[in-house]
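One-letter residues, chain by chain:
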Amino acid sequence: MKHYDLLIVDDEQRYADMLAKRLGLRRLTCKVCYDGRTAIEIIEGEPFPVVILDLRLPDIYGTEVLTRIKQCRPETAVIILTGHGTEKDREQCMAHGAHSFINKPLDIDRLVAMMARIKEKSP
Amino acid sequence: MMKSLNRLPWAIWPRFHRNDDEHLSPYYTFQDYRQTWGMTIFILMSTALVPLVIMTLIYYQLIETSINTESLLRTERLASNARRAVTFFLEERLDALTFAVNEMGYERLTNPGRLSEVLRNLKLGFGGLTDLSVIADTGTQVSYAGPFNLEGKDYSNQPWFLECQQHNACVSEIFSGYRDVPHIVVAVKSVRADGRFFVLRATLETERLIQALSSYKTGEHADIFLVNREGLLQTPSQFYEGESHHMNIPVPAYSDRTRAVMSADHSDQPILIGYAFIDTNIAPTSFILMVVKQKAGMMKVWLDLRSNINWFFGVSAVIIAMVITLTSTVMVNKIFQADRQKAETMVAAERNCQLASIGQLAAGVAHEINNPLALINETAGYVKDLFTIKQQYKEDPELVEHIDSILDAVDRCGTITRQLLGFSRHFDVQTQPIDLNDMVTDVINFHKKEAEYRDIKIHVDIPETIPLIETDRGKLQQIILNLVNNAFQAIANGCFLDIRAEMDGPEQVRLFIQDNGCGISEDHLNKIFEPFFTTKKEGQGTGLGLSITYGLVQKLHGNITVQSKTGQGTTFVVTLPVHIQKEIQS
Chain A
1 MKHYDLLIVD DEQRYADMLA KRLGLRRLTC KVCYDGRTAI EIIEGEPFPV VILDLRLPDI
61 YGTEVLTRIK QCRPETAVII LTGHGTEKDR EQCMAHGAHS FINKPLDIDR LVAMMARIKE
121 KSP
Chain B
1 MMKSLNRLPW AIWPRFHRND DEHLSPYYTF QDYRQTWGMT IFILMSTALV PLVIMTLIYY
61 QLIETSINTE SLLRTERLAS NARRAVTFFL EERLDALTFA VNEMGYERLT NPGRLSEVLR
121 NLKLGFGGLT DLSVIADTGT QVSYAGPFNL EGKDYSNQPW FLECQQHNAC VSEIFSGYRD
181 VPHIVVAVKS VRADGRFFVL RATLETERLI QALSSYKTGE HADIFLVNRE GLLQTPSQFY
241 EGESHHMNIP VPAYSDRTRA VMSADHSDQP ILIGYAFIDT NIAPTSFILM VVKQKAGMMK
301 VWLDLRSNIN WFFGVSAVII AMVITLTSTV MVNKIFQADR QKAETMVAAE RNCQLASIGQ
361 LAAGVAHEIN NPLALINETA GYVKDLFTIK QQYKEDPELV EHIDSILDAV DRCGTITRQL
421 LGFSRHFDVQ TQPIDLNDMV TDVINFHKKE AEYRDIKIHV DIPETIPLIE TDRGKLQQII
481 LNLVNNAFQA IANGCFLDIR AEMDGPEQVR LFIQDNGCGI SEDHLNKIFE PFFTTKKEGQ
541 GTGLGLSITY GLVQKLHGNI TVQSKTGQGT TFVVTLPVHI QKEIQS
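Protein chains in written order, with my numbering: chain A, 1 to 123; chain B, 1 to 586.
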């Protein structure tokens, strides 16, 4: 079974695919899904060291997905990547165990550096 | 003291509107407070003074009517008493003559000795008789007793003799006659045994009659006298003697009883006339008794009292007017102040609503733009990745340059959307203790170089007594930065910027940011916190700086005001609470 470096959860399909491609060019293997329920199913099925999670998903709100991920896989680092993040969202996500909170548009190198640090710290 | 003196004119003539009030006008309950104030005073004064004036006038009317009625009654009573005295005087003497002719008869009376005896007895009994004579039916005096030698005189053509023939007795007018002394003739006719008649005539001195009349004179403005029916004075009048011994007031119309009327004298002064046509029960007379009183003299006491009442009324009216004016001014002023406060709150609420609406619009736009931007970012990033990571594109630097410019544009768009989002929510408040002095010093440091270059003197005076403020560092920094930026744009080289702070009670701090720059005109002063309002040239200012500052101050539960004069400078005053209440934050 193939082990991915990260899971990207975003309802904007083209965006998620493009991000996966860019990370792929940087030798990071990505799995992509476009809604909250699928994301939870995937996480329950296999572990991911990192999940990049959008907050505004079509079926379940991002913080709910975050909670379920942390319940199921507490070791997974969840990076919230959103276009509409408020300070309140940030506080809420951090309280629910998010690793970090990033607003779109994204600086890909910063994300890669962040993932490298996560990989270093993970056992 | 001087302050209260300066305020005095406004207590009497209040200033309800100021030049900076125009923007509040739509929110006032009453559009014209001066008119409201005037109407209040008018209505209160009318309610208080009109009934008072009407009551006073009615009271005056009643008093005057009562005094007039009383005066007429008194004058009539006086005239009636005097009439009785005159009538009695004449009747008494006529009765005496009647008694003499009936008792003694013609023969005895024509005896000069007996006639003198009768005269003596009459003088003793009544007094005031000058002489006594007997006149035959031919009109010739046949016997005489008295001081003059008038025997043989012919009286046949004398009016009194003719009247005596007709009425059996007569009383003449007062006349001088042969002796040239004013006197009255009274005479009675008697018929002798042979059927012929004779007349017993007596001459009366007028002195007694005048004395009797004078005893009825009351008061210095009263006059009492006798006139005949043509108005010729029979006894002297003190005030009403006109030409040819006629009285100078009209002869009253005949009445068989005593009467009193109001009239006017020759100089149009109001007078009261009591009069009576005098007739004895033996013979009629041509006398009219006149009692004349000047009304002014009788009304003097009342006029003095009325003058005092008028003074009292005047002073009372002035005091009432002052109390009403002051009370109305204070009350209307209080209503005005409350209304003004309400209007200011409405304006502030409207401004907040405006900011909130624009904030919502900005947030909507920003959210919608952000997602496509993110996609552009990733797509362009991917293209760049292809060029930089994949070996086959590495030799094409021009393409990389173009991609970089796309990314740069996206980055700038990202900055704009962040700013728009910031405008809508100003982010959430995170409180921490802030030293205001440090904060101001930090902000000033951003401008240090510019100030040195432009020779702008910055003076900071934040006393050590100002406590640490529990507030949001970022927002406070942005507020101060915006205001200092604003000041730097308004002042010319060589001007000054003064930043100072003071406590406003134990729970509030006031921060003053004052410059001596170009100032803000009155027209603009009310609009400077409105979004997109700018006086700068197009493209040089967004018009959001001060409205964002306003929103930030509101977010920190503070208040911002501005005072400015064109050419003299501007002072922004930011009032902030020392502690933000936690529950309000959330």
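Errors might be hidden in some of the hints.
As the list claims (entries may be wrong) - Below, computed lysine-lysine pairings styled on BS3-like, alpha-carbon distance capped at 25 Å:
(1) A/31 / A/121
(2) B/153 / B/123
(3) B/342 / B/153
(4) B/334 / B/217
(5) B/217 / B/153
(6) A/88 / A/70
(7) B/555 / A/88
(8) B/555 / B/342
(9) A/31 / B/384
(10) A/21 / B/390
(11) B/527 / B/565
(12) A/21 / B/384
(13) A/31 / A/70
(14) A/31 / A/21
(15) A/31 / B/565
Said to hold, decoys possible - The calculated label-pair distances, taken between Cβ atoms and stated as ranges, are:
(16) A/25 / B/489: 43 to 49 Å
(17) B/432 / A/67: 47 to 53 Å
(18) A/113 / B/500: 44 to 50 Å
(19) B/372 / A/61: 42 to 48 Å
(20) B/441 / A/26: 53 to 59 Å
(21) B/372 / A/25: 19 to 25 Å
(22) A/58 / B/535: 15 to 21 Å
(23) B/505 / A/58: 27 to 33 Å
Stated by the list, open to error - Computed, partial: chain B to chain A, Cβ under 8 Å:
(24) 318
(25) 321
(26) 325
(27) 370
(28) 381
Bear in mind the hints are in silico, worked out from the structure with no lab data behind them. Cβ atoms here follow ideal geometry from the backbone N, Cα and C, with glycine treated the same way.
Comparing the hints with the structure gives:
Straight-line distance between C-alpha atoms of residue 31 of chain A and residue 121 of chain A comes to about 22 Å, which keeps the hinted pair within the 25 Å bound. Restraint check for residue 153 of chain B and residue 123 of chain B: satisfied, since their Cα atoms lie roughly 23 Å apart, inside the 25 Å limit. For the suggested pair residue 342 of chain B and residue 153 of chain B, the alpha carbons sit about 115 Å apart, so the restraint of at most 25 Å is broken. Restraint check: the Cα-Cα separation between residue 334 of chain B and residue 217 of chain B comes to about 68 Å, which exceeds 25 Å; the hinted pair is violated.
Only pairs whose Cα atoms come within 25 Å are accepted, and residue 217 of chain B paired with residue 153 of chain B is rejected, the gap being roughly 39 Å. Annotation: proposed proximity of residue 88 of chain A to residue 70 of chain A holds, straight-line Cα distance about 20 Å (limit 25 Å). Restraint check for residue 555 of chain B and residue 88 of chain A: satisfied, since their Cα atoms lie roughly 15 Å apart, inside the 25 Å limit. The straight-line distance between the Cα atoms of residue 555 of chain B and residue 342 of chain B is roughly 21 Å, inside the 25 Å bound, and the hint therefore holds.
A C-alpha spacing of about 22 Å is found between residue 31 of chain A and residue 384 of chain B, which places the hinted pair at or below 25 Å, so the restraint holds. For the hint pairing residue 21 of chain A with residue 390 of chain B, the CA-to-CA distance comes to about 13 Å; that is within 25 Å, so the pair holds. Between residue 527 of chain B and residue 565 of chain B the alpha-carbon distance is near 15 Å, which keeps this suggested pair within the 25 Å criterion. For a cut-off of 25 Å, the pair hint linking residue 21 of chain A to residue 384 of chain B stands: about 12 Å separates their Cα positions.
The straight-line distance between the Cα atoms of residue 31 of chain A and residue 70 of chain A is roughly 18 Å, inside the 25 Å bound, and the hint therefore holds. The straight-line distance between the Cα atoms of residue 31 of chain A and residue 21 of chain A is roughly 10 Å, inside the 25 Å bound, and the hint therefore holds. For the hint linking residue 31 of chain A to residue 565 of chain B, the alpha-carbon distance of about 65 Å lies beyond 25 Å, and the restraint is violated. Checking the proposed 43 to 49 Å range against residue 25 of chain A and residue 489 of chain B shows it holds: the Cβ atoms sit about 47 Å from each other.
For the pair residue 432 of chain B and residue 67 of chain A, the beta carbons lie near 29 Å from each other, so the given range of 47 to 53 Å is not met. In this structure the supplied range 44 to 50 Å holds for residue 113 of chain A paired with residue 500 of chain B, their Cβ-Cβ distance being about 46 Å. A hinted range of 42 to 48 Å is violated for the C-beta pair residue 372 of chain B and residue 61 of chain A, which are about 22 Å apart. One distance hint, 53 to 59 Å for the beta-carbon pair residue 441 of chain B and residue 26 of chain A, is violated here, with the actual separation near 44 Å.
For the pair residue 372 of chain B and residue 25 of chain A, the beta carbons lie near 22 Å from each other, so the given range of 19 to 25 Å is met. Judged by the Cβ atoms, the range 15 to 21 Å given for residue 58 of chain A and residue 535 of chain B is violated: they are separated by roughly 47 Å. In this structure the hint that residue 505 of chain B and residue 58 of chain A lie 27 to 33 Å apart at CB is violated, the actual value being about 53 Å. Violation of the interface hint for residue 318 of chain B is found here, the shortest Cβ-Cβ separation to chain A being roughly 69 Å, above the 8 Å cut-off.
Proximity of residue 321 of chain B to chain A is violated relative to the hint, the smallest CB-CB distance being about 64 Å (cut-off 8 Å). With a cut of 8 Å, the hint placing residue 325 of chain B at the interface with chain A is violated, because the nearest CB-to-CB distance is about 58 Å. A hinted interface residue such as residue 370 of chain B counts as satisfied when its beta carbon comes closer than 8 Å to some beta carbon of chain A; here the least separation is about 4 Å, so the hint holds. A cut of 8 Å between beta carbons decides the hint on residue 381 of chain B: the least distance to chain A is about 5 Å, and the hint holds.
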